[in-house]
Amino acid sequence: MGVVTPGFTGRARSGDPRLPPGQYLAEDFPVLSTGPTPRVRTDNWEFTVVTERGEKRAWSWRELFALPSEKFTVDIHCVTQWSKLDTRWRGVPVETLIGDLDTSADYVMARSYGGYTTNLPLADLLDGQAWVAYEYNGKPLTPEHGGPARLLVPHLYLWKSAKWVRGLQLTTKDDPGFWETAGYHDYGDPWREQRYQGD
Amino acid sequence: MAGTAVSGRLAWRVARLAEARQETPSARTLVFDIPGWPGHLAGQHVDVRLTAADGYTAQRSYSLAAPADGDRVELTVQRVPDGEVSEHLTGRYAAGDPVEIRGPVGGWFVWRPADPAPVLLVAGGSGIVPLMAMIRARRAAGSKALFRLVYSLRTPAERYYAEELLRPVAGLDVTYVYTRELPEGQPGIPRRISVTTLNTAGWPADFGATSYVCGPTGFVETVADILLALGHDPHTIRTERFGPSRD
Ligand SMILES: Cc1cc2nc3c(=O)[nH]c(=O)nc-3n(C[C@H](O)[C@H](O)[C@H](O)COP(=O)(O)OP(=O)(O)OC[C@H]3O[C@@H](n4cnc5c(N)ncnc54)[C@H](O)[C@@H]3O)c2cc1C
Numbered sequence: 001m002g003v004v005t006p007g008f009t010g011r012a013r014s015g016d017p018r019l020p021p022g023q024y025l026a027e028d029f030p031v032l033s034t035g036p037t038p039r040v041r042t043d044n045w046e047f048t049v050v051t052e053r054g055e056k057r058a059w060s061w062r063e064l065f066a067l068p069s070e071k072f073t074v075d076i077h078c079v080t081q082w083s084k085l086d087t088r089w090r091g092v093p094v095e096t097l098i099g100d101l102d103t104s105a106d107y108v109m110a111r112s113y114g115g116y117t118t119n120l121p122l123a124d125l126l127d128g129q130a131w132v133a134y135e136y137n138g139k140p141l142t143p144e145h146g147g148p149a150r151l152l153v154p155h156l157y158l159w160k161s162a163k164w165v166r167g168l169q170l171t172t173k174d175d176p177g178f179w180e181t182a183g184y185h186d187y188g189d190p191w192r193e194q195r196y197q198g199d
Numbered sequence: 200m201a202g203t204a205v206s207g208r209l210a211w212r213v214a215r216l217a218e219a220r221q222e223t224p225s226a227r228t229l230v231f232d233i234p235g236w237p238g239h240l241a242g243q244h245v246d247v248r249l250t251a252a253d254g255y256t257a258q259r260s261y262s263l264a265a266p267a268d269g270d271r272v273e274l275t276v277q278r279v280p281d282g283e284v285s286e287h288l289t290g291r292y293a294a295g296d297p298v299e300i301r302g303p304v305g306g307w308f309v310w311r312p313a314d315p316a317p318v319l320l321v322a323g324g325s326g327i328v329p330l331m332a333m334i335r336a337r338r339a340a341g342s343k344a345l346f347r348l349v350y351s352l353r354t355p356a357e358r359y360y361a362e363e364l365l366r367p368v369a370g371l372d373v374t375y376v377y378t379r380e381l382p383e384g385q386p387g388i389p390r391r392i393s394v395t396t397l398n399t400a401g402w403p404a405d406f407g408a409t410s411y412v413c414g415p416t417g418f419v420e421t422v423a424d425i426l427l428a429l430g431h432d433p434h435t436i437r438t439e440r441f442g443p444s445r446d
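So the sequences go chain by chain: A and B.
Here the first sequence is numbered in my numbering, starting from 1 and rising by one per residue.
Here the second sequence is numbered in my numbering, starting from 200 and rising by one per residue.
Since the hints were derived computationally from the structure, they do not count as laboratory data.
Every clue listed holds true.
Once the Cα atoms are required to be at most 25 Å apart in a straight line, the calculated SDA-like pairs of lysine to any residue come out as:
no., chain 1, residue 1, chain 2, residue 2
1, A, 84, B, 246
2, A, 71, A, 42
3, B, 343, B, 409
4, A, 84, B, 283
5, A, 84, B, 278
6, A, 173, A, 47
7, A, 84, B, 255
8, A, 173, B, 307
9, A, 84, B, 281
10, A, 84, A, 137
11, A, 139, B, 421
12, A, 173, A, 199
13, A, 84, A, 72
14, A, 173, A, 104
15, A, 71, A, 136
16, A, 84, A, 15
17, A, 139, B, 417
18, A, 139, A, 47
19, A, 71, A, 166
20, A, 139, A, 39
21, A, 84, A, 25
22, A, 84, B, 286
23, A, 84, B, 282
24, A, 173, A, 113
25, A, 139, B, 424
26, A, 84, B, 256
27, A, 84, B, 279
28, A, 56, A, 106
29, A, 84, B, 257
30, B, 343, B, 374
31, A, 84, B, 417
32, A, 84, B, 260
33, A, 84, B, 258
34, A, 84, B, 415
35, A, 84, B, 248
36, A, 84, B, 280
37, A, 173, A, 124
38, A, 84, B, 285
39, A, 56, A, 114
Between the sequences and the hints, there should be enough to build the whole structure, so can you do that?
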């Protein structure tokens with residue numbers, strides 16, 4: 001047990017089994033990002049997937065919108081300790097976008113409009129675990145929350161769910177992205193409290 | 200990218216309260232002794248962990264309010280009504296009491312004394328904390344970088360670091376924006392930060408300044424949008440959001 005702070009009792013605990021350790025339930029939807037909110041227009045929007053050998057697929061906004069989408073309800077967890085339960089989204093499974101591309105990559109670098117990057121294992125984006133999401137709560141995703149489209153990987157801390165996502169680069173190397181370079185964990189599992197490097 | 204790579208596990212260290220100052224009726228500055236503190240950059244934050252007698256823990260992030268000074272680390276905590284951690288830290292928490300602290304964390308929202316570029320600091324409420332660390336780091340390093348601070352707050356009674364900021368410092372201009380109540384005798388009406396404020400009290404877009412904006416989400420969004428509208432390059436605008444969000 002850690003060092004006890006005299007007189008600290010803590011609040012009545014919710015004990016909600018759906019809240020990972022150290023998280024509290026947020027009713028609102030906090031916004032965290034590193035700079036101004038990019039206002040990304042959909043008329044020249046493009047989403048690309050590039051393999052480690054340079055093979056490339058690209059979708060315009062219209063083309064992405066025309067792909068089969070899923071509605072899904074998930075819990076999300078931010079490293080700054082808020083969690084939201086049962087958030088409702090719509091988007092295209094990442095698996096659909098990777099499709100039958102020929103790759104032996106183990107990692108992905110997600111890139112955003114505005115320059116943000118974050119790295120993930122490719123396996124964490126497949127099997128119905130991740131989407132390129134463009135609707136939140138039945139409405140188009142607003143710029144503050146990453147609209148027009150963001151990656152959503154609900155089983156990892158939210159910084160992995162790159163806002164204003166513009167593409168995925170498949171790689172064989174696990175290169176750190178923006179927050180990972182700044183000391184945050186390479187993987188970011190909320191249930192194991194992987195907040196910072198080495199956690 | 201200006202990252203401070205952290206190697207190895209970020210250790211929790213025992214910190215003891217050495218001194219406390221009441222900053223405003225609802226905010227308290229806490230000075231800790233943390234043996235073995237590795238040092239930090241202005242703008243970084245730490246995580247503070249409190250443990251109850253039954254083993255329950257709560258952990259929150261707080262910006263460092265002053266540059267590194269040996270084993271001394273300074274935070275300023277704003278009491279959030281019913282806030283689990285801030286109520287304790289601004290209330291019963293007393294000299295000698297331990298907490299655990301780990302950090303420093305964050306390598307982007309930082310100012311380095313070697314950087315000669317002009318700096319615009321825009322604070323909303325307790326968002327002044329990491330910006331004050333930058334002002335203090337500038338002074339401590341004898342930096343000549345030109346600084347401008349625009350500090351938005353509700354009333355004069357809520358000013359943090361009031362005396363220190365009143366003392367004139369060469370190369371630092373301070374502008375206050377009061378949103379609810381003006382100081383005694385000051386003409387005008389309370390207002391929010393606007394394009395005019397930042398056009399007058401900020402830097403021209405082509406000065407190559409770096410802007411640091413910190414405060415509640417709605418405030419940060421507004422200020423960043425104004426800076427963009429004034430022609431600032433998005434890559435020169437760094438933001439840190441804390442406190443309750445509005446949406
Ligand atoms: C990088 C960073 C730096 C920070 N620096 C400072 C600082 O220098 N000084 C300071 O006073 N505070 C700072 N904060 C905020 C601080 O971490 C706590 O959130 C705050 O003290 C409230 O904690 P609490 O336990 O008292 O309240 P809680 O019991 O956690 O919450 C009270 C209510 O406030 C809301 N709330 C609390 N925290 C947040 C949050 N982070 N985002 C959105 N809503 C929230 C919740 O809806 C909750 O219901 C910082 C936060 C971050 C992320």
